[in-house]
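One line per chain: the protein sequences are S and P, in this order.
Start counting at 1 in the first sequence, then tack on 126, and there's your number in the working numbering.
Start counting at 1 in the second sequence, then tack on 8, and there's your number in the working numbering.
Because the hints were derived from the structure by calculation, they are not lab data.
Note that this is a predicted model, so its numbers are computed, not measured.
Heads up, a few of these hints could be off.
[To be verified] Just so you have them, the derived chain P footprint on chain S, three or more residues with Cβ under 8 Å: (1) 186 to 194; (2) 274 to 287; (3) 347 to 359.
Each residue gets a CB set at the ideal place from its N, CA and C atoms; glycine is no exception.
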Amino acid sequence: MRAVVTLATAVAVLLLLPAAAAAKDRRGAALYAANCASCHGLNGQGVPSATPGVNGVDGQGPPLRGVGARAADFYLRTGYMPLANAHDQPSRKHVVFTEPEIRALVRYVASLGTGPPVPTPHPGSVSAGLRLFTDHCAGCHQAVAQGGYVTGARVPPLTDATDRQIAEAVRVGPYLMPRFSTKAITPAQLNDIVAYVGYARHPDDRGGWAIGHLGPWPEGAVTWLLAAAALLGICTLLGRRLRT
Amino acid sequence: MTKLRDWLIAAGVLLLGRGSPPAPRESRPRIVAPGEPDRRAENIVLFLFVLATIAAAAFIAVYALDRLSHQTQWLGLAIGGAFALLALAGTVIAHRLVVTEELVEPYPEDSPDAQDEIVQIVEESGSRFTRKRLVTVVGAGALGTIGAALLAPAASLGPLLHTGELYRTTWRRGRRLVDEGGTPFSADAIEEGTFYTAYPEGADRELVGSPIVVVRLPPAEIRDRKDWAPRGIVAYSKICTHAGCAVALYRKPTFAAVQPRPALVCPCHYSTFDPAAGGAVLFGPAGRPLPQLPLEIDRAGNLRASGTFSGPVGPSWWGVRMGKARS
Numbered sequence: 127m128r129a130v131v132t133l134a135t136a137v138a139v140l141l142l143l144p145a146a147a148a149a150k151d152r153r154g155a156a157l158y159a160a161n162c163a164s165c166h167g168l169n170g171q172g173v174p175s176a177t178p179g180v181n182g183v184d185g186q187g188p189p190l191r192g193v194g195a196r197a198a199d200f201y202l203r204t205g206y207m208p209l210a211n212a213h214d215q216p217s218r219k220h221v222v223f224t225e226p227e228i229r230a231l232v233r234y235v236a237s238l239g240t241g242p243p244v245p246t247p248h249p250g251s252v253s254a255g256l257r258l259f260t261d262h263c264a265g266c267h268q269a270v271a272q273g274g275y276v277t278g279a280r281v282p283p284l285t286d287a288t289d290r291q292i293a294e295a296v297r298v299g300p301y302l303m304p305r306f307s308t309k310a311i312t313p314a315q316l317n318d319i320v321a322y323v324g325y326a327r328h329p330d331d332r333g334g335w336a337i338g339h340l341g342p343w344p345e346g347a348v349t350w351l352l353a354a355a356a357l358l359g360i361c362t363l364l365g366r367r368l369r370t
Numbered sequence: 009m010t011k012l013r014d015w016l017i018a019a020g021v022l023l024l025g026r027g028s029p030p031a032p033r034e035s036r037p038r039i040v041a042p043g044e045p046d047r048r049a050e051n052i053v054l055f056l057f058v059l060a061t062i063a064a065a066a067f068i069a070v071y072a073l074d075r076l077s078h079q080t081q082w083l084g085l086a087i088g089g090a091f092a093l094l095a096l097a098g099t100v101i102a103h104r105l106v107v108t109e110e111l112v113e114p115y116p117e118d119s120p121d122a123q124d125e126i127v128q129i130v131e132e133s134g135s136r137f138t139r140k141r142l143v144t145v146v147g148a149g150a151l152g153t154i155g156a157a158l159l160a161p162a163a164s165l166g167p168l169l170h171t172g173e174l175y176r177t178t179w180r181r182g183r184r185l186v187d188e189g190g191t192p193f194s195a196d197a198i199e200e201g202t203f204y205t206a207y208p209e210g211a212d213r214e215l216v217g218s219p220i221v222v223v224r225l226p227p228a229e230i231r232d233r234k235d236w237a238p239r240g241i242v243a244y245s246k247i248c249t250h251a252g253c254a255v256a257l258y259r260k261p262t263f264a265a266v267q268p269r270p271a272l273v274c275p276c277h278y279s280t281f282d283p284a285a286g287g288a289v290l291f292g293p294a295g296r297p298l299p300q301l302p303l304e305i306d307r308a309g310n311l312r313a314s315g316t317f318s319g320p321v322g323p324s325w326w327g328v329r330m331g332k333a334r335s
């Protein structure tokens with residue numbers, strides 16, 4: 127009797143597992159249809175020219191076949207997607223999906239074609255990372271990863287980016303950022319860059335006051351303000367006020 | 009040589025000689041009471057002027073030497089010291105050598121000789137100086153040396169007349185493109201959506217005409233010089249034509265339909281160049297397109313230059329439009 131119950135349970139579990147998986151897939155597909163399909167197409171084939179979408183917003187977006195779990199994980203966990211207007215630059219904002227929903231969506235997008243998986247960064251060298259970051263990233267993202275501007279777009283600061291998101295972004299190249307292949311930045315070098323960005327979140331400011339890590343402009347401005355105050359002080363010491 | 013020395017001594021005597029003191033104005037009563045001469049303060053002022061001259065000369069010497077450790081700090085110390093000593097000399101003059109008195113009087117309604125009075129006051133205020141001409145000459149020397157120190161770095165500004173070198177580049181027909189490690193670039197390895205820095209094989213990489221940036225575009229998108237871009241691979245000088253910074257930014261759209269088109273951007277002042285149109289300036293202060301390097305693919309599938317740049321490389325100078333780049 128007991129053996130029969132065990133067997134029945136096993137059979138039931140075996141039958142239910144694919145059913146559960148299928149349910150998850152259906153959940154991903156449903157989420158995709160509700161939140162992504164108006165711009166990225168029903169099966170991830172993309173929408174090349176503007177079409178009227180939900181709430182009168184024109185849907186238009188790149189195909190998602192073959193982008194893999196890596197890009198989906200990056201865009202969803204940073205809050206870059208969904209995007210209210212296809213013409214806006216995606217920016218870091220509140221993530222609208224719950225953790226299981228993100229997992230279901232990532233799995234669904236990955237199933238649209240064969241694409242790269244979500245990367246796992248390993249510990250790297252901060253000093254090698256500084257050199258690589260200066261070579262490849264600092265031109266836009268600034269030396270301590272505070273972000274800035276490039277003609278036509280804002281460059282996000284990397285202070286809120288997780289290690290995994292850095293590793294994903296280097297390979298994906300979101301919005302106007304170039305992609306970096308494994309030839310341009312090897313996986314070991316990518317670990318170093320991730321290590322440096324991690325360090326840049328809380329650098330040990332040897333100079334004392336960091337002034338927001340914004341670089342030479344505010345540092346110069348503060349110097350001038352302090353110098354101007356000191357000069358005014360010297361002037362009042364040197365001169366005398368005419369007593370009337 | 010002795011003649012030169014005689015001339016120098018004569019010039020010194022003429023400059024420093026006391027000459028005859030100006031005739032006192034007998035016609036007017038003095039406005040400012042004559043002050044007591046203060047030779048000690050005067051010596052201090054002279055000493056400070058000489059120190060300022062030495063500091064400014066030290067700036068020029070450190071700049072010309074160009075070999076000291078902590079050179080930047082020494083330069084800052086020298087020029088800062090010169091200014092500080094000059095200010096100190098001025099302070100001593102104001103406090104101890106100029107006759108001062110406090111006067112309160114109503115603003116004159118109509119005073120045609122007010123200007124004369126001011127001149128007179130200024131002249132009479134200097135009555136405490138005993139060696140006015142010496143102080144003037146030493147002070148002018150200090151100011152002149154500081155001026156020379158400020159102008160000294162201009163000597164580093166490129167060649168003025170022999171600009172032929174500025175047109176020269178290390179790229180010539182058949183030269184292979186290599187990466188930082190010296191490996192030749194295979195055309196198949198160049199992907200779209202990213203950028204590469206390349207150097208001429210077997211040439212000095214530190215020269216301004218050496219580094220290039222390589223990107224790949226869909227061949228149909230290339231609007232200018234299609235035969236310079238095999239398989240859509242284009243190469244441009246990495247040195248911005250505005251101020252000579254490295255063009256280290258490549259902007260590429262993820263979705264071209266709604267995002268800005270690909271561009272090479274200089275991070276210094278945001279000069280933006282169009283890689284699909286011969287490096288034309290899209291935005292920013294650059295006055296010339298980015299010089300393009302014609303490419304070809306050899307039998308082994310590697311990238312080679314098929315000529316030299318479309319124009320002179322690097323920041324502009326007065327004769328930049330008068331010549332062409334040559335190898």
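Against the structure, the hints:
no.	hint	in the structure
1	186 to 194	holds (count 3)
2	274 to 287	holds (count 5)
3	347 to 359	violated (count 0)
Of the hints listed earlier, the one the structure fails to meet is number 3.
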